[in-house]
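*Asks:* One letter stands for each residue in the lines below.
There are 2 protein chains.
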Amino acid sequence: MKCTCSKKDLNDALNAVVKAVAVKPSTPVLAGIYLRAADDTLELQATNFSISIIAKIPANVEVEGAIVVAGGYFTNIVGKLGGEIVTLTNEDDAATVTLRSEAASFDLLSMDAEDFPRINKEDATHSFRIPKDALKNLIARTVFACSKDESRPVFTGCLIDIAGTAITFAATNTSRIAIARDQLFDELESLQFIVHAATLRNLLGMLYKSSDNVVSVDFYGTGVAFTFDNIFMSSRIIDGTFPPYDKVIPASCATTAEVDVAELRVAIERMQIIAQETEYKTVLFKFTQDGLEISANSYNVGKSIEHVDANVNGDDLEISFNFSYLLDALKVFDTKTIGFGMNQPLMPAKIQGTDDESFIYIITPLRTQ
Amino acid sequence: MKCTCSKKDLNDALNAVVKAVAVKPSTPVLAGIYLRAADDTLELQATNFSISIIAKIPANVEVEGAIVVAGGYFTNIVGKLGGEIVTLTNEDDAATVTLRSEAASFDLLSMDAEDFPRINKEDATHSFRIPKDALKNLIARTVFACSKDESRPVFTGCLIDIAGTAITFAATNTSRIAIARDQLFDELESLQFIVHAATLRNLLGMLYKSSDNVVSVDFYGTGVAFTFDNIFMSSRIIDGTFPPYDKVIPASCATTAEVDVAELRVAIERMQIIAQETEYKTVLFKFTQDGLEISANSYNVGKSIEHVDANVNGDDLEISFNFSYLLDALKVFDTKTIGFGMNQPLMPAKIQGTDDESFIYIITPLRTQ
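Taken in order, these protein sequences are the chains called X and A.
So in this note's numbering, the last spot in the first sequence is 369, and the numbers never skip.
So in this note's numbering, the last spot in the second sequence is 738, and the numbers never skip.
Please note: incorrect hints may appear among the correct ones.
As the list claims (entries may be wrong) - Restraint ranges, calculated between C-beta atoms of paired labels, are given here:
1. 82(X) <-> 649(A): 25 to 31 angstroms
2. 262(X) <-> 555(A): 48 to 54 angstroms
3. 150(X) <-> 580(A): 49 to 55 angstroms
Calculated directly from the structure, the hints in this document are not laboratory data.
If you're wondering where the values come from, they're calculated on a predicted model, not measured in any experiment.
Note that beta-carbon positions come from the ideal geometry of N, C-alpha and C, so glycine has one too.
Let the sequences and hints guide you as you build the complete structure.
*Replies:* Written as structure tokens, this is what we have:
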């Protein structure tokens with residue numbers, strides 16, 4: 001193999017595919033990135049069997065060939081190279097690949113391309129296209145709400161629920177649910193599947209760097225693939241049934257309150273210094289006709305109380321929340337004000353942007369001490 | 370106690386004194402910051418017996434008094450407050466202090482001021498003034514070279530060596546020595562003492578935020594105090610004798626080489642990905658009439674070789690260095706080029722800025738494999 005390519009292209013492609021390199025590989029080759037030079041293209045592949053990523057970049061190919069390099073080292077080294085053009089050379093039967101850029105030359109141990117589990121593109125049963133910004137928003141507004149408890153796999157991912165042109169992402173750790181909605185370019189029959197949070201976080205990172213405005217999504221029964229720019233990313237889906245998320249949205253609310261997102265967020269960020277010292281990370285909300293009073297009380301540190309302007313309607317209510325579940329959501333609203341909708345101190349509360357149905361957050365209150 | 374002060378003043382003062390709050394306090398009060406309101410001033414004190422810091426800020430004092438607050442919590446909370454003015458209130462005999470700013474109110478547990486070990490300012494035997502920028506430079510160019518091995522205390526600090534108006538800082542971990550020189554405002558008789566690296570790092574952090582251009586230094590036998598802006602910082606000195614650092618500077622060199630600092634630094638930063646996988650973090654330098662060739666070789670990753678332009682005089686030489694000891698020094702030179710002066714592969718090498726005697730770095734080579 002011998003080829004030259006742009007250092008920036010190679011660096012970007014490596015930083016995309018390296019996300020699929022196994023952290024604790026079961027065989028050494030899975031710690032590698034597969035490189036194949038052919039047809040004016042350098043193709044990079046990595047897979048940990050859960051996520052697989054392929055990237056292709058233009059290359060001047062003098063000698064075709066394929067090789068596997070140590071993913072982490074190779075990516076770090078390319079990131080440090082000077083110059084704009086990189087040359088990759090691998091002599092037949094040599095166990096090293098040579099990387100050259102300006103005055104720097106690296107001979108890196110390589111592995112046999114034959115041993116690498118090449119990534120198959122499966123035939124899709126369902127395909128649709130979605131605006132990149134819509135997909136970024138859907139992920140960012142839900143993925144934080146997933147559970148980290150691997151003993152209940154369905155909660156470690158986001159449900160993707162499609163009906164017609166409507167797409168909904170839902171995620172929960174059973175104490176709060178985030179529900180985000182948007183529209184597809186295409187109309188699709190009903191389709192539901194669950195994608196692991198780690199896959200979506202990696203995808204989100206790549207979408208931030210993407211120049212394409214549209215992402216193609218292909219569902220193939222056991223997995224899903226996302227294609228944009230020069231990148232193909234596939235992931236196994238999580239087996240299991242996601243609970244009916246719509247059922248927990250309160251139909252009516254005895255107490256409603258409208259507050260400024262930024263004002264509430266800084267107040268809670270101040271109070272978290274006290275609240276994080278409490279057993280359940282508790283902040284108490286008192287809604288009255290005078291507005292909202294929030295407070296936190298730790299036996300070890302002290303207590304804090306603060307008034308937040310709020311337009312409250314309905315019954316007065318005292319209700320307690322985990323402050324970090326609130327802060328998670330306050331970071332992803334894009335309206336200036338949000339509405340709280342509540343019934344009883346221990347019944348789920350709803351938060352959504354004023355005049356905005358695109359994001360709904362349901363949070364189970366804590367017992368008020 | 371009741372007083373009001375600027376939030377910014379209080380925040381800055383807390384962030385200075387909190388550096389002296391004990392991380393693992395032997396008594397609870399040592400985790401505290403002592404606050405005393407009197408004579409239009411709020412005084413803050415913290416000490417861990419090794420370092421002591423006092424800061425004073427203007428305050429509108431309604432009721433004089435003193436209290437001790439939990440250092441970490443109090444500093445974090447003030448940092449999160451909105452508004453420009455803070456009110457501090459402590460009722461007689463109350464075990465809490467109340468902190469108010471805009472809509473936020475915190476009642477924080479406090480401790481008895483009588484229990485706090487108040488900081489004494491000792492009478493100085495030697496006093497001098499030094500430009501702030503000179504002191505910053507002297508610290509930054511030497512403190513990184515200190516040892517972290519507490520079993521040999523003299524190497525965990527910088528020697529401060531004064532003779533006439535000349536001041537020299539020297540630090541070593543026995544594998545490399547950093548020697549930085551500058552001038553005082555005042556002429557002083559001969560004086561040597563060793564200050565712990567942690568003290569100097571804290572001082573450096575405060576000097577970056579300081580507005581004064583001059584620092585007053587008072588030496589009092591068992592310790593040293595630095596005064597600038599509204600801050601007084603004292604520290605115990607380290608007992609022991611620092612080895613004669615001047616003796617290790619090679620008097621003459623069989624091989625000299627001049628190289629560009631930035632070019633050498635990026636080359637080593639690239640190569641460190643290989644070198645850090647070697648047993649002794651080794652980079653091999655080959656000086657010849659053609660310039661400098663550096664290389665690293667790891668059995669697990671591969672090898673790297675790179676040419677660096679160098680003006681070499683004298684004998685050809687192959688010599689190996691620990692890459693991180695080199696990088697530490699390359700970050701603190703302020704000349705465009707530096708000169709290497711060497712004799713044999715295992716004899717100490719000297720590095721200093723071209724036409725600049727203010728910083729000399731001596732490094733013991735590694736055995737070339």
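*Asks:* Hint by hint, say whether it matches the structure.
*Replies:* How the hints compare with the structure:
1. 82(X) <-> 649(A): 25 to 31 angstroms: Because 26 angstroms falls inside the window, the suggested range holds.
2. 262(X) <-> 555(A): 48 to 54 angstroms: With a Cβ separation near 53 angstroms, residue 262(X) and residue 555(A) satisfy 48 to 54 angstroms, so the hint holds.
3. 150(X) <-> 580(A): 49 to 55 angstroms: With a Cβ separation near 53 angstroms, residue 150(X) and residue 580(A) satisfy 49 to 55 angstroms, so the hint holds.
Going through the hint list in order, the structure satisfies each hint without exception.
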